[in-house]
Amino acid sequence: MILIVDDKKENLFSLKTLLQLNLYEADTAASGEEALKKILKNEYELIILDVQMPGMDGYEVAENITGYSKSKDIPIIFLSAVNIDKRFVTKGYNSGGVDYITKPFDPDLLLLKIKTFTKLYKQTKELNDIKLNLEQKVEKRTEELQHANKELETSNAELQQYAFIASHDLQEPLRKIITFSQILKERFTANKEASQYINRVITSSERMRTLINDLLDYSKLSVTPEFIKTPLNLVIQDTITDLEISIKEAGGKIVVDQLPSVKIIPEQMRQVFQNIISNAVKFSKPGIPPFIKIWSDYTNEKSTESEPSSKGTYCRIYICDNGIGFNEQYLDKIFAMFQRLHARAEYEGTGIGLSIVKKIIEKHDGLVTAKSEEGNGATFIIVLPIK
Amino acid sequence: MNQVRFLLVDDDEDDISVFQEVLEDITPSILLTCAGDGTEALKLLKHEQTKLPDIIFLDLNMPLMGGKECLSELKKDPQLKRIPVIMYTTSSQSKDIEETMLRGAICFITKPTSLSELKHILSSICKNVHSNLEKCLRTLSDTSGTFIVC
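Chains A and B are the protein sequences, given in the same order. Here the first sequence stands for residues 1 to 387, numbered as in this note's numbering. Here the second sequence stands for residues 1 to 150, numbered as in this note's numbering.
To be clear, the hints were calculated from the coordinates, so they are not data collected in a lab. Be aware that one or more of the hints could be misleading.
Claimed, not checked - Lysine-lysine pairs mimicking DSSO-like chemistry, simulated, CA-CA at most 27 Å apart: (1) Lys229(A) with Lys95(B); (2) Lys75(B) with Lys263(A); (3) Lys95(B) with Lys51(B); (4) Lys387(A) with Lys302(A); (5) Lys95(B) with Lys220(A); (6) Lys363(A) with Lys95(B); (7) Lys358(A) with Lys75(B); (8) Lys72(A) with Lys119(A); (9) Lys68(B) with Lys176(A); (10) Lys119(A) with Lys70(A); (11) Lys192(A) with Lys81(B); (12) Lys68(B) with Lys220(A); (13) Lys103(A) with Lys115(A); (14) Lys229(A) with Lys248(A); (15) Lys293(A) with Lys333(A); (16) Lys302(A) with Lys229(A); (17) Lys282(A) with Lys248(A); (18) Lys263(A) with Lys359(A); (19) Lys185(A) with Lys119(B); (20) Lys282(A) with Lys387(A); (21) Lys282(A) with Lys311(A); (22) Lys229(A) with Lys358(A); (23) Lys68(B) with Lys81(B); (24) Lys95(B) with Lys127(B); (25) Lys363(A) with Lys229(A); (26) Lys46(B) with Lys176(A); (27) Lys75(B) with Lys359(A); (28) Lys176(A) with Lys119(B).
Put together the whole structure using the sequences plus the hints.
Next comes the structure, spelled out in structure tokens:
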């Protein structure tokens with residue numbers, strides 16, 4: 001519908017007739033005030049506005065219309081017989097008009113303009129509707145996602161709790177199996193066969209206990225402790241002290257270069273080095289004492305391949321051993337949960353150690369990988385942001 | 001050797017029987033009293049006729065009153081707070097260790113699975129309970145394969 005605003009009844013009448021003859025719906029208002037009231041109440045697709053009116057003039061009406069959010073997009077065509085000077089035309093455009101027509105006007109041209117502007121308005125409105133619709137959809141989707149995210153967080157936390165409790169409670173009966181098997185072993189070892197069977201029970205139970213402990217460690221990783229700037233040499237020295245007995249037994253030697261201080265979770269990073277170094281000791285070649293070398297460099301990218309750069313923001317730590325190594329085609333497997341490359345009879349282990357390493361390093365926003373050849377030692381590479 | 005009195009507060013009957021057996025193995029001069037949870041232990045200790053134990057072994061997870069609460073109650077009592085308390089539990093969580101040491105436990109022992117290990121620990125404690133308890137516990141924590149924190 002088109003609204004015609006003019007204080008002269010005859011003008012209203014002639015314009016309304018013209019529009020109606022051309023199949024437009026038309027409404028009229030005899031003053032600025034009446035026009036504003038009608039605009040608030042009804043939907044218009046175009047307003048034809050006289051400039052000179054008693055009371056509120058056309059410019060004021062236009063400014064008011066463009067001030068409402070409901071009506072700000074309705075095109076306004078000014079129509080004036082008196083104010084035909086350039087400055088009036090300019091004022092018309094400035095107050096929100098899309099066109100300024102002076103009288104006398106050509107009805108055909110006016111109709112063409114009306115056609116263009118109503119079409120434009122319709123398109124703008126459609127676009128706005130689509131935009132609004134899209135915004136609503138995005139908002140709804142975001143809400144749904146946030147909700148799903150929250151649910152995930154909750155169920156994740158529950159799962160961690162569950163894993164923790166499950167493995168904790170699994171330990172209890174297991175501890176008793178071990179205790180009473182030990183008692184049997186210590187007191188009733190007369191029968192050799194029986195004692196062998198009991199030994200197997202104990203060995204298996206001990207293995208299960210290690211497994212449960214490793215699982216417990218893994219589930220504990222999901223809690224977020226504090227990052228502290230720590231000298232890596234300190235962490236590695238602690239680890240070596242902890243592993244002292246097994247390193248000594250194997251006749252192993254570890255050489256550690258000067259390493260930088262990095263913002264880490266010290267307890268977790270200690271576990272990383274413990275798992276990698278104890279692997280290096282464990283997977284040594286028969287008859288050849290393990291030799292482990294640890295050094296580092298800096299680089300600008302979170303990558304094992306990028307060029308070293310002394311001012312880099314990442315620190316790369318290399319842990320190189322002379323052990324049995326592995327075929328690099330199994331690289332993905334060694335970091336996966338419960339994956340082992342060797343029979344248990346050959347090498348002890350639960351297959352959780354390196355998956356813990358991976359999880360911890362990822363938590364530190366770093367990456368870990370390894371280079372190796374079967375029979376030719378392995379080098380583990382850890383990339384960490386220095387922060 | 002003077003007669004030594006142990007109090008074991010634990011709800012696990014298997015653990016109690018193992019503990020009992022090991023003590024009998026060491027020397028018959030140890031008198032072991034058992035309580036199934038914190039409230040029972042406190043009731044026993046506060047009873048007029050009870051001769052106070054030389055040392056208390058206290059489990060963490062028990063029905064009615066757990067080890068932590070019981071420990072706090074013990075340390076509030078002017079008579080009982082002098083008795084050394086050793087936490088004797090399956091836990092090895094740092095949270096539990098810190099909390100109980102803060103509340104006044106002198107030692108935190110994770111229940112060992114080896115009978116001989118338990119025997120070694122209990123006989124050392126038994127020998128030193130009247131004189132060098134703290135030193136003995138520290139030596140144990142340094143040398144024993146069992147998880148002990150002092």
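Outcome of the hint check:
This hinted pair checks out: Lys229(A) and Lys95(B) have alpha carbons roughly 23 Å apart, not beyond 27 Å. For the hint pairing Lys75(B) with Lys263(A), the CA-to-CA distance comes to about 40 Å; that exceeds 27 Å, so the pair is violated. Taking the CA atoms of Lys95(B) and Lys51(B), the gap is near 33 Å; set against the 27 Å cutoff, the hint is violated. As the CA atoms of Lys387(A) and Lys302(A) are separated by approximately 13 Å, the hinted pair is consistent with the 27 Å bound.
In summary, the hint linking Lys95(B) to Lys220(A) is supported, as the alpha carbons are separated by about 12 Å, within the 27 Å threshold. For the suggested pair Lys363(A) and Lys95(B), the alpha carbons sit about 22 Å apart, so the restraint of at most 27 Å is met. The straight-line distance between the Cα atoms of Lys358(A) and Lys75(B) is roughly 45 Å, outside the 27 Å bound, and the hint therefore fails. Annotation: proposed proximity of Lys72(A) to Lys119(A) holds, straight-line Cα distance about 16 Å (limit 27 Å).
Between the alpha carbons of Lys68(B) and Lys176(A) the distance comes to roughly 23 Å, so the proposed pair stays at or under 27 Å and holds. Of the supplied pair hints, the one linking Lys119(A) and Lys70(A) holds, its CA atoms being roughly 18 Å apart against a limit of 27 Å. Annotation: proposed proximity of Lys192(A) to Lys81(B) is violated, straight-line Cα distance about 50 Å (limit 27 Å). Between Lys68(B) and Lys220(A) the alpha-carbon distance is near 22 Å, which keeps this suggested pair within the 27 Å criterion.
Note on Lys103(A) and Lys115(A): the hinted pairing holds, with a Cα-Cα distance of about 19 Å set against a maximum of 27 Å. Pair hint Lys229(A) plus Lys248(A) does not hold up; C-alpha atoms about 30 Å apart against a cutoff of 27 Å. Restraint check for Lys293(A) and Lys333(A): satisfied, since their Cα atoms lie roughly 24 Å apart, inside the 27 Å limit. About 19 Å separates the Cα atoms of Lys302(A) and Lys229(A), which keeps this hinted pair within 27 Å; it holds.
Restraint check: the Cα-Cα separation between Lys282(A) and Lys248(A) comes to about 12 Å, which is no more than 27 Å; the hinted pair holds. Restraint check for Lys263(A) and Lys359(A): the C-alpha separation of about 17 Å stays at or below 27 Å, so the hint holds. Taken as a hint, the Lys185(A) and Lys119(B) pair is honoured in the structure, with Cα atoms around 15 Å apart against an allowance of 27 Å. With a C-alpha separation of about 33 Å, the suggested pairing of Lys282(A) with Lys387(A) is violated against the 27 Å cut-off.
Our distance criterion of 27 Å between C-alpha atoms is broken by Lys282(A) and Lys311(A), whose separation comes to about 36 Å. As the CA atoms of Lys229(A) and Lys358(A) are separated by approximately 20 Å, the hinted pair is consistent with the 27 Å bound. This hinted pair checks out: Lys68(B) and Lys81(B) have alpha carbons roughly 14 Å apart, not beyond 27 Å. Pair hint Lys95(B) plus Lys127(B) does not hold up; C-alpha atoms about 30 Å apart against a cutoff of 27 Å.
Our distance criterion of 27 Å between C-alpha atoms is met by Lys363(A) and Lys229(A), whose separation comes to about 15 Å. A hinted pair counts as satisfied when its Cα atoms are at most 27 Å apart, and Lys46(B) with Lys176(A) does not qualify at roughly 33 Å. For the proposed pair Lys75(B) and Lys359(A), the alpha carbon gap of about 42 Å is over 27 Å, so the pair is violated. Proposed proximity of Lys176(A) and Lys119(B) is supported: the alpha carbons are some 16 Å apart, at most 27 Å.
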